[in-house]
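**Student:** Sequence:
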Amino acid sequence: FLWQQRRFGWAVGAAIWGLLIGLSRIYLGVHYPSDVVAAWMAGALWIYVTFTVLRWVQFRRWFELIDT
103 FLWQQRRFGW AVGAAIWGLL IGLSRIYLGV HYPSDVVAAW MAGALWIYVT
153 FTVLRWVQFR RWFELIDT
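Residues in the sequence shown are numbered consecutively from 103, following our numbering.
If you're looking for bench data, these hints aren't it; they were derived computationally from the structure. Virtual Cβ for every residue (Gly too), placed ideally from N, Cα, C. Any given hint might turn out to be false.
Pair ranges (Cβ atoms, derived) [claimed, not checked]:
hint, residue 1, residue 2, range
1, M143, G111, 46 to 52 Å
2, F161, L122, 32 to 38 Å
3, F110, D137, 25 to 31 Å
Turn these sequences into a full structure, and let the hints guide you.
**Tutor:** Printed below as a string of structure tokens:
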């Protein structure tokens with residue numbers, strides 16, 4: 103959402119923050135590297151699904167406006 107609103111600095115900062123948290127979990131020995139990578143992949147999938155659904159809803163509303 104930050105990227106769409108042209109807040110690139112905040113978006114990049116949030117991405118770096120997420121990467122650093124994952125790396126710190128590995129460094130501290132709290133999680134295995136595979137756990138952290140799996141969490142990053144799950145997060146990426148969640149973002150993809152969310153944006154896909156939002157685009158679908160916006161596309162549907164656009165067609166409803168055309169039909170009226």
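**Student:** None of the hints should be skipped; say for each whether it holds.
**Tutor:** Hints, one by one, checked against the model:
{"no.": "1", "hint": "M143 / G111: 46 to 52 Å", "result": "violated (25 Å)"}
{"no.": "2", "hint": "F161 / L122: 32 to 38 Å", "result": "holds (36 Å)"}
{"no.": "3", "hint": "F110 / D137: 25 to 31 Å", "result": "holds (30 Å)"}
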